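Novice: Residues per chain are reported as follows:
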Amino acid sequence: MDGVYYEKGWLGVVFTLMVAGFILLNIYRARKTSGKLFIRRIPGLNAIDDSIGRATEMGKPVLMVPGIGTLNAISVQALQIFAYVTKTAAKFANPIRLCCLDPAVYTVAQEIIRDVYQTEGVPENYDPDSVRFISDRQFAFAAGVSGIILRERTAAAFLMGEFFAESLILAETLNSIGAIQVACSTEITQTPFFVAACDYVLIGDEFYAASAYLSRQPVLVGSLVGQDWSKLAIAATILLGALVNSADGLKRVPDEANEGQTRALKADEKMITDLFSPKKPEWKPAGGTQ
Amino acid sequence: MIPWLAQAPAAPALNMWNAPAGTPEIWMKVGIAMLAGFGLLAALIAAPTRLRRPISGAFIFLAGLFWVLVFLFPKPIDSQTPHEQRPRGFVQDVSFWLADAIPVVSNFSNILTAFILGLGVFSLVRIHLMRVAKKQNDWPFSVVLLVSMVAMATFGYWDWKTRLDLGGAKVDEAWPLAAYGKDLLFDGMLQVMEAAMFSLIAFFILSAAYRAFRIRSVEATILLCAALIAMLNLMGAVVVTWDGMIESFGKDNAFVMNFTLSSVAGFIRDNLQTPGIRAIDFGIGLGALAMGLRLWLSLERVGGN
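Chains as they are written, first to last, in our numbering: chain V, 4 to 293; chain A, 674 to 978.
Simulated from the structure, these hints should not be mistaken for lab results.
A quick note: this is a predicted structure, and the numbers were derived from the prediction, not measured.
Incorrect hints may have been included.
[Stated by the list, open to error] Far from chain A, some chain V residues (derived; all Cβ distances over 12 angstroms):
| # | residue |
| --- | --- |
| 1 | 34 |
| 2 | 57 |
| 3 | 140 |
| 4 | 200 |
| 5 | 206 |
| 6 | 247 |
| 7 | 253 |
| 8 | 255 |
| 9 | 262 |
| 10 | 273 |
| 11 | 274 |
| 12 | 278 |
[As the list claims (entries may be wrong)] Derived lysine-lysine pairs resembling PhoX-like cross-links, with alpha carbons at most 25 angstroms apart:
| # | chain 1 | residue 1 | chain 2 | residue 2 |
| --- | --- | --- | --- | --- |
| 13 | V | 269 | V | 254 |
| 14 | V | 63 | V | 39 |
| 15 | V | 39 | V | 234 |
| 16 | V | 35 | V | 234 |
| 17 | V | 254 | V | 234 |
| 18 | A | 748 | V | 63 |
| 19 | V | 39 | V | 90 |
| 20 | V | 273 | A | 748 |
| 21 | A | 807 | V | 90 |
[Claimed, not checked] Now the in silico label distances, taken between C-beta atoms and shown as ranges:
| # | chain 1 | residue 1 | chain 2 | residue 2 | range |
| --- | --- | --- | --- | --- | --- |
| 22 | V | 20 | A | 699 | 33 to 43 angstroms |
| 23 | V | 20 | A | 814 | 51 to 61 angstroms |
| 24 | V | 259 | A | 694 | 56 to 66 angstroms |
| 25 | V | 241 | A | 784 | 38 to 48 angstroms |
| 26 | V | 20 | A | 843 | 49 to 59 angstroms |
Note that the Cβ used here is the ideal one computed from N, Cα and C, for glycine as well.
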């Protein structure tokens, strides 16, 4: 390419492909073993059945909120977990409320929930109003969901997905009526609020592990094991990087400013920077006008 | 390269997907696109059930492939480089084509979202009209919602149309009823009510923090201590008093100086909090990647399956 393009950081691309390879390989392995790979226990997910059981005993609805993000991998993951929750709720004919901020998420959620009721053999129990589009404005949504919580006295709530400032409003409103809350946000800044206000919290990638843990589908279990392999690779890279960086830190090179003197390597001269940071090469078009 | 997805090289930057506003050409293209869209939808509905999944899977794969290529393919030099000065060759052409096609492809999802918003509004109206019709619990709130929705849409459209016809500056000067109504509803009511909801967080933080910081377990105690140090470190008077006291024990003693409030808070931030956040970020990133891969390759089965 002769310096025509930005250097994309080939190592990053190779690493991404390696991670994708790990995931696909383990999906293949899990399919061969019918998903019988080990997954550690996640307490927050064990609480799901208890929460639904409690809601059934009280005859109150189960509330689900897939965050306020658009239709992306996070929302789909949240809906995947909610499909399991709905499946359990459908067995006990327990009412559900799924509140959406994004119309695209709402549309997909409606299809998924209807599908769950049909698969469970109780399509007549599906209430189209159980999946609701509330508002596409953050605080109007928070106010709307809080209203539903207070009016319908939901007994269990699942707040999972991309949450921002409304996380605490919802969690505290739920707490005020004594609902059991299982929560998870992919936003690091909101996790502490959930930890402070909710009964069970899934942290970080436990959110992505949830569907594998609950459904034990070979594809999901294999994908989860692939993620774990990738984490090991990342940990090894960090360790190796620390060692290489430390070794680079000991190196001395001739100092251009002071003849005869040596200096330590600058940050952008170290191997780690060279490997990971994209560089913009000097390039001039043939005409020389650039 | 194929020109039908990317922007045309010379100004005006138009391609087969757009045309100058208000011209018969653009209306014709809108009509054709609508017909093609409905035709595709009808074909998908008419297709045998077992074929629907592979068909939608193929569309998902193609859409995902575009973004995968955008990520993996070498990134072009500054897109402002005049077209005739751009380098030539297959790799270069694909690279420029991908970069130019990003806004066009992004518009596809924007248009889909706009259509889906209609479904959301339909759901909202249906639920609340039913509630009013059946006089269910708290039905007056539903009336408020429906009236607010109609009023906001009416004044919003009226104001937009007035500004389009008269020009923004003239509207601001004359301040007609449309502008007054929209300003009252949006800035005077909606924004204020949203700010009120946001401000509730201050009180909720207090009650949540009270529960979280009660010493019930070892973890809660550690949380309390770390939070206390972080909070105290933000209080200037406390920092000056504490750090002054530590300095009085020996300013030149590096070991003693480790116990200044800012040093302890900095240690917690740099050595405990930041690595923890980084680790969680890695996990979330990997999870998102795995999820994206499963969706892209149609390996994911969401729902009752």
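Novice: Are the hints correct? Go through all of them and say.
Specialist: Hint-by-hint comparison with the structure:
1. 34: Since the minimum Cβ distance to chain A is about 10 angstroms, residue 34 (chain V) lies within 12 angstroms and the statement is violated.
2. 57: Given a closest Cβ separation of 20 angstroms, the condition holds.
3. 140: For residue 140 (chain V), whose nearest Cβ neighbour in chain A is about 7 angstroms away, the distance does not exceed 12 angstroms, so it is violated.
4. 200: Non-interface label on residue 200 (chain V) violated, nearest chain A Cβ at 4 angstroms vs cutoff 12 angstroms.
5. 206: Per Cβ check, residue 206 (chain V) is inside 12 angstroms of chain A; nearest 6 angstroms; violated.
6. 247: Non-interface label on residue 247 (chain V) holds, nearest chain A Cβ at 18 angstroms vs cutoff 12 angstroms.
7. 253: holds (23 angstroms)
8. 255: Since the minimum Cβ distance to chain A is about 26 angstroms, residue 255 (chain V) lies beyond 12 angstroms and the statement holds.
9. 262: holds (35 angstroms)
10. 273: Its Cβ never comes within 12 angstroms of chain A, the nearest being 19 angstroms, so this holds.
11. 274: Consistent with the label, residue 274 (chain V) stays out of reach of chain A, its closest Cβ about 21 angstroms off (over 12 angstroms).
12. 278: Given a closest Cβ separation of 17 angstroms, the condition holds.
13. V:269 with V:254: Given pair residue 269 (chain V), residue 254 (chain V) holds - Cα atoms ~10 angstroms apart, limit 25 angstroms.
14. V:63 with V:39: Violated, at about 36 angstroms.
15. V:39 with V:234: holds (20 angstroms)
16. V:35 with V:234: Between residue 35 (chain V) and residue 234 (chain V) the Cα gap is close to 23 angstroms, so the pair holds against 25 angstroms.
17. V:254 with V:234: Roughly 30 angstroms separates the two Cα atoms, so the pair is violated.
18. A:748 with V:63: Not OK: residue 748 (chain A) and residue 63 (chain V) at ~54 angstroms, beyond 25 angstroms, violated.
19. V:39 with V:90: Within the cut-off at roughly 22 angstroms; holds.
20. V:273 with A:748: Status holds; Cα separation ~24 angstroms.
21. A:807 with V:90: It is violated: about 29 angstroms lies between the C-alpha atoms, which goes past 25 angstroms.
22. V:20 with A:699: 33 to 43 angstroms: At 42 angstroms between Cβs, range holds.
23. V:20 with A:814: 51 to 61 angstroms: Given a distance of about 53 angstroms, which is inside 51 to 61 angstroms, the answer is holds.
24. V:259 with A:694: 56 to 66 angstroms: holds (58 angstroms)
25. V:241 with A:784: 38 to 48 angstroms: holds (43 angstroms)
26. V:20 with A:843: 49 to 59 angstroms: holds (58 angstroms)
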